[in-house]
Amino acid sequence: MLRNYFKIAWRSLIKNKLYSVINLTGLTIGMVCFILIALYIQFELSYEAHHEKADRIYNIVQQQKGNDYRGTDLFAVAPMPMRNALKEDFQEVEAVTNVNIRGSLLIHNDKSFSERGLYTDEDFFNVFTVPVIEGIGKEALKDPDIILLTESLAKKIFGNAPPLNQTIVLNSLQSLTVKGIIADTPKNQHFDYDYIVSNKLSSTFLADENNWSSNNYHSYLLLSKGADYKNLEANLSIYDKFTKPIYESVGLKFFPQFFLRPLKNIHLYSNMNVEMSQNGDIKYVYLFGLIGLIIIVLASINYMNLATSKSAERAKEVGVSKVLGARKGHLIMQFLGESFLFTLFSFLIALCLSLLLLPAYNVLLGKDIPFTILGSWWVLVGMLLIALLLGVLSGLYPALFLSGVSPVKALKGNFLKNHKKGELLRNSLVIGQFVVAIALAIGSVIIHQQLGFIQNKKLGYNKDMVVHVPYWEKQISEKEEVIKAELLNHSKIDKVSISTQIPLDLTSQGPVREWEGNVDNKEMWIYRSYVDYNFMELFEMELIEGRGFSREFATDSSEAYILNESAVKKLGWKTAVGKKFDDGRVIGVIKDFHLQTFDFAIEPLYMTLRRQHFTRNFGHVILKIKMDDFENTKLFIEKTMKAVVPLAPYEVRFMEDSYIALYEEERRLGKAFNIFTLLALFIAGMGLFGLVSFQVLQRTKEIGIRKVLGSSITGIVTLLVKDFLRLVIMALLIATPIAYYFMYNWLQGYAYSIDIEWWVFVLVGFLACGVAFATISFQSIKAARSNPIKSLKTE
Amino acid sequence: MLLEIKDLFKWVNSGGNRIFLLNDIELTINEGDFISIMGPSGSGKTTLLNIIGMLDDFNEGEYNFLNEPVHTLKEKYRANLYKEYIGFVFQSYHLIDELTVYENIETPLLYKNYKSSERKSLVADMLDRFNIVGKKDLFPSQLSGGQQQIVGIARALISNPKLILADEPTGNLNSKQGEEIMNLFKQLNNDGVTIIQVTHSEKNATYGSRIINLLDGMIV
Chain B
8 MLRNYFKIAW RSLIKNKLYS VINLTGLTIG MVCFILIALY IQFELSYEAH
58 HEKADRIYNI VQQQKGNDYR GTDLFAVAPM PMRNALKEDF QEVEAVTNVN
108 IRGSLLIHND KSFSERGLYT DEDFFNVFTV PVIEGIGKEA LKDPDIILLT
158 ESLAKKIFGN APPLNQTIVL NSLQSLTVKG IIADTPKNQH FDYDYIVSNK
208 LSSTFLADEN NWSSNNYHSY LLLSKGADYK NLEANLSIYD KFTKPIYESV
258 GLKFFPQFFL RPLKNIHLYS NMNVEMSQNG DIKYVYLFGL IGLIIIVLAS
308 INYMNLATSK SAERAKEVGV SKVLGARKGH LIMQFLGESF LFTLFSFLIA
358 LCLSLLLLPA YNVLLGKDIP FTILGSWWVL VGMLLIALLL GVLSGLYPAL
408 FLSGVSPVKA LKGNFLKNHK KGELLRNSLV IGQFVVAIAL AIGSVIIHQQ
458 LGFIQNKKLG YNKDMVVHVP YWEKQISEKE EVIKAELLNH SKIDKVSIST
508 QIPLDLTSQG PVREWEGNVD NKEMWIYRSY VDYNFMELFE MELIEGRGFS
558 REFATDSSEA YILNESAVKK LGWKTAVGKK FDDGRVIGVI KDFHLQTFDF
608 AIEPLYMTLR RQHFTRNFGH VILKIKMDDF ENTKLFIEKT MKAVVPLAPY
658 EVRFMEDSYI ALYEEERRLG KAFNIFTLLA LFIAGMGLFG LVSFQVLQRT
708 KEIGIRKVLG SSITGIVTLL VKDFLRLVIM ALLIATPIAY YFMYNWLQGY
758 AYSIDIEWWV FVLVGFLACG VAFATISFQS IKAARSNPIK SLKTE
Chain S
162 MLLEIKDLFK WVNSGGNRIF LLNDIELTIN EGDFISIMGP SGSGKTTLLN
212 IIGMLDDFNE GEYNFLNEPV HTLKEKYRAN LYKEYIGFVF QSYHLIDELT
262 VYENIETPLL YKNYKSSERK SLVADMLDRF NIVGKKDLFP SQLSGGQQQI
312 VGIARALISN PKLILADEPT GNLNSKQGEE IMNLFKQLNN DGVTIIQVTH
362 SEKNATYGSR IINLLDGMIV
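From first to last, the protein sequence lines are chains B and S. Note that the first sequence covers residues 8 to 802 in the working numbering. Note that the second sequence covers residues 162 to 381 in the working numbering.
Just to be clear, a hint being listed does not mean it is correct.
[Stated by the list, open to error] In silico SDA-like links for lysine to any residue, alpha-carbon gap of 20 Å or less:
id: 1; chain 1: S; residue 1: Lys-235; chain 2: B; residue 2: Leu-9
id: 2; chain 1: B; residue 1: Lys-491; chain 2: B; residue 2: Val-415
id: 3; chain 1: S; residue 1: Lys-297; chain 2: B; residue 2: Val-412
id: 4; chain 1: S; residue 1: Lys-297; chain 2: B; residue 2: Ser-410
id: 5; chain 1: B; residue 1: Lys-323; chain 2: S; residue 2: Leu-304
id: 6; chain 1: B; residue 1: Lys-416; chain 2: S; residue 2: Tyr-275
id: 7; chain 1: S; residue 1: Lys-235; chain 2: B; residue 2: Lys-22
id: 8; chain 1: B; residue 1: Lys-14; chain 2: S; residue 2: Lys-281
id: 9; chain 1: B; residue 1: Lys-14; chain 2: S; residue 2: Ser-302
id: 10; chain 1: S; residue 1: Lys-281; chain 2: B; residue 2: Leu-9
id: 11; chain 1: S; residue 1: Lys-237; chain 2: B; residue 2: Val-415
id: 12; chain 1: B; residue 1: Lys-22; chain 2: S; residue 2: Glu-259
id: 13; chain 1: S; residue 1: Lys-276; chain 2: B; residue 2: His-337
id: 14; chain 1: B; residue 1: Lys-323; chain 2: S; residue 2: Ser-302
id: 15; chain 1: B; residue 1: Lys-323; chain 2: B; residue 2: Val-412
id: 16; chain 1: B; residue 1: Lys-14; chain 2: S; residue 2: Tyr-275
id: 17; chain 1: S; residue 1: Lys-237; chain 2: B; residue 2: Ser-410
[Stated by the list, open to error] Ranges between beta-carbon positions, derived for each pair:
id: 18; chain 1: S; residue 1: Glu-340; chain 2: B; residue 2: Ser-718; range: 53 to 61 Å
id: 19; chain 1: B; residue 1: Leu-387; chain 2: S; residue 2: Asp-352; range: 56 to 64 Å
id: 20; chain 1: S; residue 1: Glu-187; chain 2: B; residue 2: Ser-793; range: 56 to 64 Å
id: 21; chain 1: S; residue 1: Lys-273; chain 2: B; residue 2: Lys-290; range: 53 to 61 Å
id: 22; chain 1: B; residue 1: Gly-722; chain 2: S; residue 2: Met-162; range: 58 to 66 Å
id: 23; chain 1: S; residue 1: Asp-185; chain 2: B; residue 2: Leu-351; range: 42 to 50 Å
id: 24; chain 1: B; residue 1: Ser-793; chain 2: S; residue 2: Asn-241; range: 37 to 45 Å
id: 25; chain 1: B; residue 1: Leu-685; chain 2: S; residue 2: Asn-241; range: 35 to 43 Å
id: 26; chain 1: S; residue 1: Glu-187; chain 2: B; residue 2: Leu-407; range: 38 to 46 Å
No wet-lab data here; the hints were simulated from the structure. In this text, a Cβ means the ideal position worked out from N, Cα and C, and glycines have one as well.
Produce the complete structure using the sequences and hints provided.
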């Protein structure tokens with residue numbers, strides 16, 4: 008019996024090729040999207056899960072009430088002495104580790120590598136699970152002369168030669184021995200590194216070790232089994248006695264209050280200052296989950312619509328089966344069976360397709376999502392169950408609908424008449440599909456616009472044809488003048504500046520207490536940019552008052568300040584030039600420019616020439632170049648810098664690229680969103696196709712009569728198209744406010760955003776009507792051109 | 162006596178008027194009969210046949226089939242009754258296009274939950290009896306009309322019914338094929354199967370033992 012059903016199902020699949028392909032394509036696309044999105048979500052939720060004790064690991068973080076740095080008073084760091092204090096004071100604390108990641112230079116046999124190093128202590132291996140592949144792990148961190156390499160870094164440095172016991176020089180200072188090889192950091196971890204060394208090697212270690220205001224480390228503690236972290240958290244205020252006096256002594260009005268953040272919540276649920284890496288956002292997980300759900304619902308609606316419309320053609324078979332003795336149950340079984348077969352088939356294709364598409368998908372999202380479906384059986388079973396559920400849901404309506412038709416009517420083929428209830432249902436489904444597709448399309452246009460706006464917005468400075476070379480060697484600052492002179496020799500290099508930061512991400516901030524008119528001794532927090540004489544000119548920043556830094560004024564190198572408009576406004580000044588500020592005087596006011604990404608508003612800033620020692624340890628060599636012959640210019644820059652300060656690898660970056668990188672996450676998600684939207688529109692289009700076929704079939708007789716009575720083909724097509732465009736326009740009217748609401752809220756997340764314009768809705772409306780029109784006309788023209796005698800004969 | 166119809170009425174309401182499709186039908190059919198129902202278009206022939214086949218309802222009257230009062234039976238019992246005792250043959254054959262000749266003949270047995278081995282032997286007998294063994298793997302579209310109707314008859318006979326209802330079984334066939342089919346019916350009748358056919362053809366009607374003439378829903 009079952010075999011018979013499958014036989015019929017299979018043969019009717021083969022017989023109606025166009026229909027089968029359309030139906031299968033829709034369902035498969037839906038499932039591929041669903042699987043890929045599920046993989047993304049699973050990956051995002053899997054962060055830190057590989058640490059065996061993940062549920063007992065907490066990150067010590069702090070709130071500095073009153074310190075509004077880049078929009079939040081939360082900081083993901085803790086003072087170093089807390090480690091020992093916690094271990095001593097609280098029994099439930101099993102281990103505490105301080106972790107810091109910094110880029111540094113590794114040298115082996117004259118080859119140098121710029122890599123990310125993890126500076127930490129012995130507890131690191133007690134808290135986190137890091138597989139040791141070769142040699143030692145935990146014991147290595149007691150000894151500051153040992154370095155542990157990740158598998159891929161070992162391969163990079165030593166090739167196939169055995170890496171153990173080889174020597175590597177760190178930052179041209181310490182000579183270290185390789186004693187162990189550890190696994191590469193998984194991509195679903197909130198920090199990553201290429202090697203591990205003892206934090207005793209850190210230049211600030213001695214200063215930090217007992218300093219309760221040293222916030223150079225990220226601290227993680229391991230709680231004993233069964234202990235409640237809320238209890239511990241409530242007691243962390245006992246350390247106020249150490250921190251408060253220090254903060255007060257330097258005149259700060261705030262001091263840190265510590266609290267604990269569960270390890271597994273870091274990636275998706277928080278975004279503090281000085282995070283180890285760019286965190287994800289649960290918002291995106293929900294958004295993608297929603298899209299995945301929407302697409303799979305669209306696809307099943309589609310299947311239902313197409314199967315119902317197709318079922319009309321199978322009425323005869325149903326009638327015959329009934330006369331031959333099939334009960335209602337038999338027929339329901341048969342149609343559900345078909346639906347199962349179909350979804351199962353499509354699920355298998357979708358699985359293969361997802362596997363093939365995953366690498367491209369990973370490139371698109373910038374992730375390293377593994378194909379976990381086959382790895383863990385329960386995911387596979389879960390997906391299979393979803394596919395079967397889909398089979399039931401989408402097969403149920405056609406099954407019930409067809410099995411309920413009386414055999415006499417079915418054999419006559421006129422059971423479709425007066426099926427108003429079904430029509431209403433199908434119309435609402437199609438409207439629903441189009442509402443979703445149109446809303447998604449509007450969303451994706453607006454996202455596209457906003458991202459374009461960000462990329463093209465006037466920043467307040469000119470980043471065109473600007474390249475920069477970041478460095479961490481203080482010799483470069485020492486030989487600044489030589490480097491500049493050498494570089495300017497090249498005909499394609501117009502301007503050179505060596506400054507601490509580039510305007511993309513100015514992060515240095517601090518308090519200023521003295522300025523003219525500050526009678527109440529107030530304190531102002533302000534961003535700081537340490538520059539040279541050429542910086543403003545190179546970026547073509549616009550002065551609105553006073554002058555820029557100049558060598559002609561000897562005092563500029565010791566006491567000159569330039570403020571931005573926001574700073575002047577905050578100080579409440581009308582004019583600024585000549586007024587006293589901090590330890591010097593204001594010589595000019597510069598037009599506001601963006602200090603960071605558009606997520607942040609422009610804040611007060613001062614610029615001053617680099618004079619203090621700490622501003623010179625690192626920075627950027629910034630060059631304005633001519634675009635032609637870029638490759639040679641690039642080589643020249645690298646060669647010149649290497650000649651002056653050898654060893655360090657120099658990387659020439661375009662300002663434009665660095666700028667785009669800041670919006671990487673949004674850009675990638677935006678792209679993925681566009682693709683999923685297109686697919687949703689496509690699926691909705693196919694749903695319409697199904698409905699039109701059904702309607703055309705129902706109205707075959709009417710069309711025949713109209714033709715006999717002399718209606719033209721155009722007349723008949725218009726007749727059919729009119730009805731459906733009405734549905735699409737209704738969907739547009741419903742989708743518009745929904746999309747507006749959601750996109751308006753999304754744009755609120757940006758400090759600077761586009762206005763939502765009416766033409767977006769019109770454009771998407773036209774697009775949706777176009778898609779609808781194309782699908783409808785295909786079927787309508789076919790129906791209109793058919794011979795009326797044929798359609799009339801069946802009655 | 163196989164079946165008995167008493168005072169049977171069927172009507173539809175159209176704009177306040179009651180239009181009678183069948184009007185006071187009295188009919189008794191005995192086992193072994195070969196009845197031909199004749200009459201012009203719209204006289205109610207097919208309606209009467211459908212009612213006898215229990216595919217259609219009626220509004221008033223009595224219908225006893227093998228001493229079971231059909232008019233009082235519930236839908237489910239009625240369905241069981243016709244599945245057990247009645248086979249249908251259609252003017253346009255109504256074979257399932259997706260199934261082969263063999264599978265089409267087999268289908269009624271599937272719905273009656275016959276075992277696989279039983280099905281095989283029954284279908285093989287039927288293929289033998291109608292001389293279509295060589296065509297068993299062909300699909301309906303690969304057969305001529307006459308051959309399709311033979312398959313239709315084979316399918317109707319597979320579950321060994323007491324009564325065959327045939328609605329213009331030769332309506333779509335040419336005269337030679339039609340003659341073949343009618344001879345087949347005659348032979349079946351001789352084997353003891355009761356047959357009721359609806360036909361327009363005087364010639365075909367003569368194969369039967371009795372003719373019932375319908376006009377405007379009444380037996381004349």
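Hints, one by one, checked against the model:
1. S/Lys-235 / B/Leu-9: 28 Å, violated
2. B/Lys-491 / B/Val-415: Answer violated: B/Lys-491 to B/Val-415 is near 95 Å, above 20 Å.
3. S/Lys-297 / B/Val-412: 30 Å, violated
4. S/Lys-297 / B/Ser-410: 28 Å, violated
5. B/Lys-323 / S/Leu-304: Holds: B/Lys-323 and S/Leu-304 sit about 19 Å apart, inside 20 Å.
6. B/Lys-416 / S/Tyr-275: Violated - the C-alpha atoms of S/Tyr-275 and B/Lys-416 are around 28 Å apart, more than 20 Å.
7. S/Lys-235 / B/Lys-22: Outside the cut-off at roughly 39 Å; violated.
8. B/Lys-14 / S/Lys-281: 17 Å, holds
9. B/Lys-14 / S/Ser-302: Holds, at about 17 Å.
10. S/Lys-281 / B/Leu-9: Given pair S/Lys-281, B/Leu-9 holds - Cα atoms ~16 Å apart, limit 20 Å.
11. S/Lys-237 / B/Val-415: Holds, at roughly 16 Å.
12. B/Lys-22 / S/Glu-259: 8 Å, holds
13. S/Lys-276 / B/His-337: 17 Å, holds
14. B/Lys-323 / S/Ser-302: With a Cα-Cα distance of about 15 Å, the restraint between B/Lys-323 and S/Ser-302 holds, given a limit of 20 Å.
15. B/Lys-323 / B/Val-412: The given pair, whose Cα atoms are some 11 Å apart, holds under the 20 Å limit.
16. B/Lys-14 / S/Tyr-275: 18 Å, holds
17. S/Lys-237 / B/Ser-410: 14 Å, holds
18. S/Glu-340 / B/Ser-718: 53 to 61 Å: About 44 Å separates the Cβ atoms of S/Glu-340 and B/Ser-718, which means 53 to 61 Å is violated.
19. B/Leu-387 / S/Asp-352: 56 to 64 Å: Because 58 Å falls inside the window, the suggested range holds.
20. S/Glu-187 / B/Ser-793: 56 to 64 Å: Distance hint for S/Glu-187, B/Ser-793 is violated at roughly 47 Å.
21. S/Lys-273 / B/Lys-290: 53 to 61 Å: About 59 Å separates the Cβ atoms of S/Lys-273 and B/Lys-290, which means 53 to 61 Å holds.
22. B/Gly-722 / S/Met-162: 58 to 66 Å: 60 Å, holds
23. S/Asp-185 / B/Leu-351: 42 to 50 Å: 56 Å, violated
24. B/Ser-793 / S/Asn-241: 37 to 45 Å: 42 Å, holds
25. B/Leu-685 / S/Asn-241: 35 to 43 Å: Violated, since B/Leu-685 and S/Asn-241 (Cβ atoms, about 54 Å apart) do not stay within the stated range.
26. S/Glu-187 / B/Leu-407: 38 to 46 Å: 40 Å, holds
Going through the hint list in order, the structure does not satisfy hints 1, 2, 3, 4, 6, 7, 18, 20, 23, 25.
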